[in-house]
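Participant: Chain by chain, the residues run as shown.
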Amino acid sequence: MAPSLIRNFSIVAHIDHGKSTLADRLLSLTGTMDAKKAVDQVLDSMDLERERGITIKAHTVRLLYRARDGQEYTLNLIDTPGHVDFSYEVSRALAACEGAVLIVDAAQGIEAQTLANFYLASDANLAIIPVINKIDLPAADVEGTRAQITETLELDGSEALAISAKHGTGVPEVLEAIVARIPPPKGDLDAPLKALVFDSFYDSYQGVVVYVRLTDGRVRPGTRVLLMSNGRSYDVQQVGVFSPDMRPVEELSAGQVGYLTASIKRVADAKVGETITETARPTAVAFPGYRDAKPMVFAGLYSIEDTDYEALRDALEKLRLNDPAFTYEPETSLALGYGFRCGFLGMLHMEIVQERLEREFDLSLIVTAPSVQFKILTTAGEVLDIDNPSKLPTPDRIEQMDEPYVKSSILVPTEFMTAIYKLAQEKRGEHRSLEYHGKRVHIRFDFPLSEIVVDFYDRLKSISKGYASFDYELSEFRPSDLVKLDILLNGDPVDALSSIVHRDKAYERGKALVEKLRAVIPRQLFEVAIQAAIGSRVIARETVKAMGKNVTAKCYGGDITRKRKLLEKQKEGKKRMKQVGKVEVPQEAFLAVLKT
Amino acid sequence: MYVHVPFCAKRCGYCSFNTAPLEDGSMVRYLEAVQREIDLLGALPWASRIRLGTIFLGGGTPSLMEAEELAAVLDRIRARFDVVADAEITVECNPESVTRAKLEGYRASGVNRLSLGVQSLDDAILPRLGRLHDARGARAAFEAARDAGCANLSIDLMYGLPGLDLDGWTRAVDRVLGWRPDHLSAYGLTLDAGSLWGAAGIDGLPAEQDQIDQYWHLARAAAAHGLEHYEISNYARPGFRSRHNQIYWHAAEYLAAGPGACGFVGRVRYSNVKATPRYCQVLADGALPVASAEELSPRQRLAERLLLGLRTADGVPTTWLETRLDGDRGLRQRIEAWRAEALLVDVADRVRLTEAGFLLSDALFVELL
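Chains as they are written, first to last, in my numbering: chain A, 1 to 596; chain B, 1 to 369.
Okay, chain A solo, but in the shape it has when bound (with noise of 0.2 Å):
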């Protein structure tokens, strides 16, 4: 195939913008696939991602064009993740394309993904076409959006394509530019062979199923080849092309979009950003940025039963096959008990897993509260990665603690700018600097990653009344005045509710977590005692008295199927309590933790 004939593409756009919808649209135009088939099969393959509305995994497929020229062209389209825990995927899939069709909403505007992938899209130095989407909604403004585009992105708003995703209009033209303004891949089809890996899953029957993108040579099955970063050689099984679905060919080559089989054991073996090349006539450069996909947050999980312990271990290992992302090794809890300690790329992706290992796996689980990785210098020199309180040396032994901070990126309109700043002061934002965009302001703040965890979006969307648009990425360590803080119940300190806080925050937290631990504590026969320490100093306490009264008055004939099942109900509450010491403690408490 010619590569002047191929076009590889991204769609990007912040959250319900409509890149679902127009790649809808661009399959049936195309006739790929029918539209109900392609939404309920290719775009939203996994039903946590149906449900979130969110693509976590990215998703490729190949159209084939015949263009008002008169010749048909091979489209690539490339679709990305659409959450901020996953712009490293992202910007791995952009670097597999030419161009990126860039979405604005008519209605909502320029918003921080917006910008953001914007950003990841020109650094990839992609063609990018802006496209102004949902002009069949009422509140559209399509001029303004155009004035926007050019202002805040410094494309040219004219050029935009203004269309309707969900009703087809102005869709044969996006087609159209696709073909008119990405460039066609260039690349040498007799280099060695050179291909970016931009995404995998495993097939328990083919092993990993490697999406690759080639730049130079050939890769056909039988060719022996080698991953880069890891040394490791495999011998090609098959190649071949989503159509959308998978459909082998001969061969792949410079300028092409597909996958590759080569019994490849574990996706952690051909991770994203990976260079795949010829054993026997290695490439001398591997791709630029290939960096190990590097968990931010940390959060012990445990199950409920303690005889699931070797389940949860299964599941977490089958996981891991497919989402080499997520990191755990085993550690013992004082409270909890035998459990794993997860690294995640963010709460999103933790929620993901959670909800995975429960439906997929039906494990009951106590998550527990998610922490970042400090680096700690100890009086001694060494310097320790910590990304669970109960390890933190003992105050003696510490030199100087380090927290991890991101550069973040909030686009909001003017009337929530008070709002914000106070939040963010809240959370030890430092300000660094502030635009006007019309009737929006970009700010951006420094953010402590552990302020900006757990909550810091839900609440930047609720005191924005959801305007407010949010972006981070992490920057760099910076020294910290960091203390423990310990939970303890009825006197016993209880090693998983423990957090690393501010010291000019742990009082304030202190007292707020002892309010909010008491709230989700049931009463239970005896008296609760919670308290919140530093050290051997008790900040704050709460109460959580013992059960008054819990009886059923009445219990007749006709009232115990009824009281049986009131009960039964109340039994699968339970079921998401873990007894430590005496107290039985819900699944919410460890949650609290940080959320607080």
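By construction, these hints were calculated from the structure, which means they are not laboratory data.
Be aware that a few hints might be false.
Below are the EDC-like pairs computed for lysine to aspartate or glutamate, each with C-alpha atoms no more than 16 Å apart in a straight line [claimed, not checked]:
id, chain 1, residue 1, chain 2, residue 2
1, A, Lys-549, B, Asp-210
2, A, Lys-565, B, Asp-192
3, A, Lys-563, B, Glu-294
4, A, Lys-571, B, Asp-192
5, A, Lys-571, B, Glu-208
6, A, Lys-575, A, Asp-402
7, A, Lys-569, B, Glu-367
8, A, Lys-575, B, Asp-210
9, A, Lys-505, A, Asp-492
10, A, Lys-574, B, Glu-367
11, A, Lys-563, B, Glu-208
12, A, Lys-569, B, Asp-362
13, A, Lys-375, A, Asp-481
14, A, Lys-461, A, Asp-402
15, A, Lys-582, B, Glu-367
16, A, Lys-549, B, Asp-24
17, A, Lys-554, B, Asp-192
18, A, Lys-545, B, Glu-208
19, A, Lys-375, A, Asp-402
Given chain A, work out where chain B should sit, using these hints.
Facilitator: Just chain B, lined up with the frame of chain A:
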């Protein structure tokens, strides 16, 4: 056998039972239906093997029935079933709907136990409950029952009521105990979803601690008057426990008739069609009005035996509890906490809740399911 008589002159705010307004002709249709139901039950293949030890007419307000109407129902039961000679036959009565003459008529038809729905002796509280009697009427009804020859007389009271403080409760308890009833049922107010108050809410509820104080006052006063606290909400002079209600707490079998009535036969708990007109219609069409039935698993049967039996002062055989705890170390530990707090005690080869344990019993029952 339990017979449900759904009619009420007025529905009370706290009530979540299956009731129906008493309209022209509805009692006649009901009586026809319930007698037909008794016929159909009596014609079942296993009916001939059944001996009825108790009959309980509950409501609703069964005392809205005239003596002849009640006699017709009881006659029909005796015609279709083997009723033991000394069967306990109870009728629930509201004070305003009884007279000495009516109760004499009940007695003549075989009724030997009355349960009088007094609920409160506070004339400010009674109308708020939706009751149609006052304290004087309650006393008069009690006298009428005694005069009519009722030698097994029970009184229903409620505590934890809106506007009821410990003093008011103490006065009511003392007065009622002074009447020397043979049996006393006292229910802490529960706001069920099916009641008016449960749905709309109600102001003036006493604090939890006040409700607990009211419970303990009654427990002590009843003991001082020689009544044994034989079930969470029930007290009796020796020999006057409700035989019928003990059938429920022993998880024994009982038949049911009437709209919404529930029965337990073999391993099956079943309930009748609730709406009275529909109930009557199904029977007019010649069918038994069973709306739902559930066969209990062995695990559920054990759970029911435990959580019904532990409602009583006799408790359950320790072996039943041991069967449930077998292999569940966590549960065993939690049950030990109940013993350690003296909420659960062992008496010979049985285990029972203490009066303090009664107050927390649902927390134990959840565990035992």
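Participant: Would you mind marking each hint as holding or not holding in the structure?
Facilitator: Tested hints:
no.	hint	result
1	Lys-549/A <-> Asp-210/B	holds, 11 Å
2	Lys-565/A <-> Asp-192/B	holds, 14 Å
3	Lys-563/A <-> Glu-294/B	holds, 14 Å
4	Lys-571/A <-> Asp-192/B	violated, 19 Å
5	Lys-571/A <-> Glu-208/B	violated, 23 Å
6	Lys-575/A <-> Asp-402/A	violated, 38 Å
7	Lys-569/A <-> Glu-367/B	holds, 12 Å
8	Lys-575/A <-> Asp-210/B	violated, 32 Å
9	Lys-505/A <-> Asp-492/A	violated, 23 Å
10	Lys-574/A <-> Glu-367/B	holds, 9 Å
11	Lys-563/A <-> Glu-208/B	violated, 21 Å
12	Lys-569/A <-> Asp-362/B	holds, 13 Å
13	Lys-375/A <-> Asp-481/A	holds, 12 Å
14	Lys-461/A <-> Asp-402/A	violated, 29 Å
15	Lys-582/A <-> Glu-367/B	holds, 15 Å
16	Lys-549/A <-> Asp-24/B	violated, 44 Å
17	Lys-554/A <-> Asp-192/B	holds, 11 Å
18	Lys-545/A <-> Glu-208/B	holds, 12 Å
19	Lys-375/A <-> Asp-402/A	holds, 5 Å
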